[in-house]
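There are 2 protein chains.
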Amino acid sequence: MNYSIIRYILGWVLLFESGFMAMPCVVGAIYQEKSGFSFLITALACLVVGFLLTRWKPKNMVYFAREGFVIVALSWIVMSAFGAVPFVLTGEIPNFVDAMFETISGFTTTGASILTDVEALSHASLFWRSFTHWIGGMGVLVFLLAVLPLTGGYNMHLMKAESPGPSVGKLVPKVRDTAKILYIIYFVMTIIEIIFLLFAKMPLFDALTTSFGTAGTGGFGIKNSSIGDYSVAIQVIVTVFMILFGVNFNAYYILLLGKNKKNVFKMEEVRWYLGIILVCILIIAFNIKSIFGSFGVAFQQSSFQVASIITTTGFSTADFDVWPQLSRTILVVIMFIGACAGSTGGGIKVSRVIILLKTVKQEMGYFIHPRSVKVIKMDDKAIEKDTVRSVSAFMVTYVIIFGFSMFILAFDNLDMVTNFTSIAATLNNIGPGLELVGPTGNFSVFSPLAKCVLIFDMLAGRLELYPLLLLFTPSVWKKN
Amino acid sequence: MNYSIIRYILGWVLLFESGFMAMPCVVGAIYQEKSGFSFLITALACLVVGFLLTRWKPKNMVYFAREGFVIVALSWIVMSAFGAVPFVLTGEIPNFVDAMFETISGFTTTGASILTDVEALSHASLFWRSFTHWIGGMGVLVFLLAVLPLTGGYNMHLMKAESPGPSVGKLVPKVRDTAKILYIIYFVMTIIEIIFLLFAKMPLFDALTTSFGTAGTGGFGIKNSSIGDYSVAIQVIVTVFMILFGVNFNAYYILLLGKNKKNVFKMEEVRWYLGIILVCILIIAFNIKSIFGSFGVAFQQSSFQVASIITTTGFSTADFDVWPQLSRTILVVIMFIGACAGSTGGGIKVSRVIILLKTVKQEMGYFIHPRSVKVIKMDDKAIEKDTVRSVSAFMVTYVIIFGFSMFILAFDNLDMVTNFTSIAATLNNIGPGLELVGPTGNFSVFSPLAKCVLIFDMLAGRLELYPLLLLFTPSVWKKN
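These protein sequence lines map, in sequence, to chains A and B.
Residues in the first sequence are numbered consecutively from 0, following numbering that gives the first Met the number 0.
Residues in the second sequence are numbered consecutively from 0, following numbering that gives the first Met the number 0.
To be clear, the hints were calculated from the coordinates, so they are not data collected in a lab.
From a predicted model like this one, the values you see are computed outputs, not experimental measurements.
Be careful, since some hints might not be right.
[What the hints assert, rightly or not] Among chain A residues calculated to face chain B with C-beta under 7 Å, some are:
| id | residue |
| --- | --- |
| 1 | T328 |
| 2 | T358 |
| 3 | P369 |
| 4 | V372 |
The C-beta atom is built at its ideal place from N, Cα and C for all residues, glycine as well.
Throw the hints in and build the complete structure from the sequences for me.
See below:
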């Protein structure tokens, strides 16, 4: 284990966080809020600690998968711990576990809140809350890779550990260039959404925070009613952008810079993703028609909610917890499917679901013709055996973490649907669940122990399980 | 596809069923019940159809995995269809879908009932209901293999398709001898339980039916209170035998005939199985202590319920649906774990859970040392790669069937816990779930469509998913 490189990169993460935190300071200054100082103090603290940690460059800049995973897991924990401090300092979230929950919910783009009244927060805090979504959406280490000339390390390991999906590919030969391209697409798309929202007469502050929440597929709203009180035009814009940010970013790269732009339409994952969305929207729209009077309104509400849940954003415009069981069940099922790999969305990911379905088909083939050799293909290319094995193992790990979380949450003696959907909502980085954690509820109902489990689930979900689990594996920490 | 052999073996299955059905006829005669005639008529019908189907021996007795799975799946469906007829004829379950549900619940050893008042049934029907558990527990085709000199076929395929567990081994070189040994152990253990229950002053009829339900890990009771109104001694005997019938039968073989009897204590699956039972009993006993006043009573109730659920029997002595959330959640989690492979119990099976846990450990190993080669071992022997792959695929198929069932059940607009636990209770062949299908409820609340899905789940669970899914795969039905 190369401890120096871990220390060094953690330092850089803090330096970047200090820079990010300058923004809520500015917001605080604009709105002349005292809370701005809390952000200023924390930003300075990040700067000092970051400076000290990066002061000595490691002699050995080489690191491997092991270090990569540890760096990513620790970065997210350290970043969240510092990110939570301003909430405590301002007194807006006095309890540190709660502040950690809220911050990790932000960075992991979950959007689950322990706050009962978000409108009571200062503008600086609201801005920071939403901005953590934007940072966490594409990933802070991907940002670091894009900006910082890290040499000697197997930077792909960092990227792999932080980027969602069963197999992370490089768009271009250099990791750094790939990271840059991703961030540029991400940045430009966010700007476009902001402009659209401004045209729809949303105030600038609301347009910024809502766009951060959409881009990162986060879901923190700045109103208690989430997006419910905004105009239909705004809701439609948010719906469209939620779906767009849930698409595999490779698709945008192909569209913008690819040689063969037609390949976009051949991307199996994107086609499945859009297909699932369409089918779910239609079923739910018919199912809730009677609630909203007309099919048009039902369709609009259904599409917002389906987009919000499958992309794991978690914004809401209606209390879907009171919808019929069919709609609720569909929403719970798509909570697990999630968005495309290589997007900012969470969940199991559409590509994994496709691979899993193909694994089952392959397995049934073995029963019919035991001696035949079968290859699982995606986009007409054979998937490596290791990837297939790893997707199945992911699924198993996922179920085990889920079961274990159910067990710990049961100690709180809340109802089973609340427990089940709050794990689904955190492990898939969505935000709201059903019953007590439904769109009108929040996560303040849980005990500190349960909150810690849900914090673990949020991080595990965002970092795709293993980096976090590896932290608890003694052999990882052995010296080389 | 060798259609002749399918026809031929299905015929034999019906002949056997005709023989099995002679027993409720006798019971009907003893109690002088009219319902006995319904069984007689059906038994004769089985005899005639079975005779016609077995009249012409197929020219080609060779069959492969494909035919094996189809034979097993069809046998269970045909057997259930004929088995349901008496219930309709007696008028005790007039609706055929309901009668099918009840019979399949019997044969698959689920024990889920659509009846609101089982005590209203005739003795002949009660006997048949419980006897289907006994037949289904070890499997009708295993019975057929033990009795019938089938030559030329790859009989192992039949055994593999009907016996539970990730890898079915032969105890002795010949399949027929293995089947015989299994049935002898099964028969003798059932007799021992009957004797114990008679000593505990249970009436003979009750002792027979209860023992059938325990041996097959079925769970149909002959009282509305299941086992609740019997003495503590009887409850303890049933608890012990439920646990015994959930043990891998290989263990008994080793104990009785094995050269090295110490190997029993090395069987990883059995150790895990007993360990999980012990831990769950203790946690639940502490959790429900306040309900029952003393730890002793709580321990007895907890052990009965844990044994009943993990072995997927489904008897009940208390309404565990009103227990605290922690106890309810543990019971739901062990619903999925199930009993040992090679026992009469259902669920995912302890050995699969162990292999899955080891798969996760292996996967984490790959993250730490990407190039290392790792082998998953059980009982100090390396598990074949195909078995590991197949266990993961099983898990995935399981989750997909579960999700699909949730979707269809949602149309009934019942609550989510009822839906979730009724699928868990049928797919794992347990019986009772929570809420509307809890120990005091029953499955009559569902629509015919939902009942059909649950019927599918019961069969899929008992036959370990694939034989049933293969029936819906067109390529299976192609001529060679």
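> Which of the numbered hints above does this structure break?
Replying inline: Of the numbered hints, just 4 does not hold.
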